[in-house]
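A.B. asks: Sequence:
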Amino acid sequence: MVKKANMCILFRDESVDVVFINYTVLGAHIKFMERLPRDERVYEVVAELMQSVEKTPSRVTLCVPRNSVMQRTLRYPAMVQNDIGNMIELEATRHVPLPENDRALAWSVAPTSDEKQLILNLVAARQSEVRALAGCFEEVGVPIDEAVPFSSAIVPTLGSVPTLLVVADVRNVELCLYGEGQLQDSQLLVRDALGFSPERVVTAARQMAAKHKEWLGDEGVGRVWLTGGAKLTETFETNLGTAFGLHVHPLDLPESLVAAAQAEEPLTDVLLAASAEIPSSLNLVETHGRKVPISKRSMIIYGLCALLAIELVAGLAFRTGAPALQRKQVAEELSRVRRRVAPIQRMKDKNRELKRQLYRLDDICRQHVSVMEVLKELSEALPEDTFLYSISYKNGEGIRMRGSSKEPERLPERVMAIPMVDTISTSDIDKEVDDYHEFNLSATLRNPDEEDA
Numbered sequence: 001m002v003k004k005a006n007m008c009i010l011f012r013d014e015s016v017d018v019v020f021i022n023y024t025v026l027g028a029h030i031k032f033m034e035r036l037p038r039d040e041r042v043y044e045v046v047a048e049l050m051q052s053v054e055k056t057p058s059r060v061t062l063c064v065p066r067n068s069v070m071q072r073t074l075r076y077p078a079m080v081q082n083d084i085g086n087m088i089e090l091e092a093t094r095h096v097p098l099p100e101n102d103r104a105l106a107w108s109v110a111p112t113s114d115e116k117q118l119i120l121n122l123v124a125a126r127q128s129e130v131r132a133l134a135g136c137f138e139e140v141g142v143p144i145d146e147a148v149p150f151s152s153a154i155v156p157t158l159g160s161v162p163t164l165l166v167v168a169d170v171r172n173v174e175l176c177l178y179g180e181g182q183l184q185d186s187q188l189l190v191r192d193a194l195g196f197s198p199e200r201v202v203t204a205a206r207q208m209a210a211k212h213k214e215w216l217g218d219e220g221v222g223r224v225w226l227t228g229g230a231k232l233t234e235t236f237e238t239n240l241g242t243a244f245g246l247h248v249h250p251l252d253l254p255e256s257l258v259a260a261a262q263a264e265e266p267l268t269d270v271l272l273a274a275s276a277e278i279p280s281s282l283n284l285v286e287t288h289g290r291k292v293p294i295s296k297r298s299m300i301i302y303g304l305c306a307l308l309a310i311e312l313v314a315g316l317a318f319r320t321g322a323p324a325l326q327r328k329q330v331a332e333e334l335s336r337v338r339r340r341v342a343p344i345q346r347m348k349d350k351n352r353e354l355k356r357q358l359y360r361l362d363d364i365c366r367q368h369v370s371v372m373e374v375l376k377e378l379s380e381a382l383p384e385d386t387f388l389y390s391i392s393y394k395n396g397e398g399i400r401m402r403g404s405s406k407e408p409e410r411l412p413e414r415v416m417a418i419p420m421v422d423t424i425s426t427s428d429i430d431k432e433v434d435d436y437h438e439f440n441l442s443a444t445l446r447n448p449d450e451e452d453a
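Be aware that the sequence shown starts at 1, since it is given in the working numbering, and climbs by one per residue.
Bear in mind the hints are in silico, worked out from the structure with no lab data behind them.
Keep in mind it's a predicted model, so treat the numbers as computed, not measured.
Keep in mind that the hints are not guaranteed to be accurate.
[Unchecked claim] Listed next, with one range per pair, are the computed distances between beta-carbon atoms:
id: 1; residue 1: G229; residue 2: E44; range: 52 to 62 angstroms
id: 2; residue 1: Y389; residue 2: K350; range: 43 to 53 angstroms
id: 3; residue 1: Y302; residue 2: A210; range: 53 to 63 angstroms
[Said to hold, decoys possible] Straight-line Cα separation of at most 20 angstroms, SDA-like style, residue types lysine to any residue; simulated pairs:
id: 4; residue 1: K231; residue 2: F11
id: 5; residue 1: K4; residue 2: T24
id: 6; residue 1: K394; residue 2: E409
Don't be surprised by glycine CBs; every beta carbon is placed ideally from N, CA and C.
Given only the sequences and the hints, what does the whole structure look like? Please build it.
C.D. replies: Next up, the structure:
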């Protein structure tokens, strides 16, 4: 439940405590905290106090008089958790001595520390009494969202540690035992009853602790708290501390409300009940689901927040959208430029391709030795008595010659003397015919690049 603005009305024996707590981002703020006499005008006075705040509380909790409510604590196996809601009416018939047609039930459930059992806190009251009390407030314009006894409302605050709470009032003293996240037991002692005394309160507290020794264990009660004022608790404060071997403390405020409660004697009980998160099932009245009007101050704050959010979103959109728009415009301009220069670019590509072809032709020409040059060199180098039958020349593979000569042994020397010849590959001399010898000679030519180097 999100805390917004809570009002709590706590009925005591002779007074009514009322508090209005407004929760903001800065923390809790107490609009008013009053103790009113419990008379016929209390309903109108509460309505006037609420109207003075000019804000409708989102939740109004009514802590009904403790002498009009009965409480039972029951234990069940953990396996029945899903069916616990259907078992309430049956358990109420067994444990609540009230007529079924005039019975208001509320309950809360919590698992034990070992999670093997469920602890059911069953609260019952006469429906006619609860409706009549809530109706008195609703007639004067004070809506009632929750009706619950004070001892059950503060379970979230006290239920974690075994705690004995003594609620002292003018006509009654209530003993409440908390532990394992639940209200384990409660007992109401009437001051006017026969045999009532401070010793009787201590005895009842010790009997309650002994009754629940099974789950309390050897450590027993971990702390003892008193509430109701020093005048009402001083008669048995010392005896309680001696009986349990603990230092007795007054009931403390939650940390979230310490700074907000600036009064010398804050109304701790009603402040605790107003700040507690009460389960929806722990309610003795029907939930109406009323709509809470938004105050002018909240509307102004929401409007400012909306304007700030719009400004932030607009700034973010401008910072991200403007560059994107500029990039789109630049891309479109580049596309138009590319379309205009496309013919020029194609011409440049053709020119580059022609240049590459020219470079290749020039390279081929520099490496190629013409046939005429080869024949010229051969005619000057070969002896006069040498005749060629055939000659073949291919660039890159050298030159091959076949012919007849009277001096074939001089041919390799003469061919090597040609500047363009590199090496003699083959030199074959056949038989002599009429003073001439047939020959086959092959030579490789030099690379013009190597000659340049």
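A.B. asks: None of the hints should be skipped; say for each whether it holds.
C.D. replies: Hints versus structure:
Taking the beta carbon of each, G229 and E44 are about 26 angstroms apart, not inside 52 to 62 angstroms as hinted. With their beta carbons about 49 angstroms apart, Y389 and K350 fall inside the hinted range of 43 to 53 angstroms. Under the hint 53 to 63 angstroms, the C-beta atoms of Y302 and A210, about 56 angstroms apart, fit the expected range. Distance hint between K231 and F11 is fulfilled; the C-alpha atoms sit about 19 angstroms from each other, no more than 20 angstroms.
Only pairs whose Cα atoms come within 20 angstroms are accepted, and K4 paired with T24 is accepted, the gap being roughly 7 angstroms. Between the alpha carbons of K394 and E409 the distance comes to roughly 25 angstroms, so the proposed pair goes past 20 angstroms and is violated.
Hints 1, 6 from the list above are not met by this structure, while the remaining hints are.
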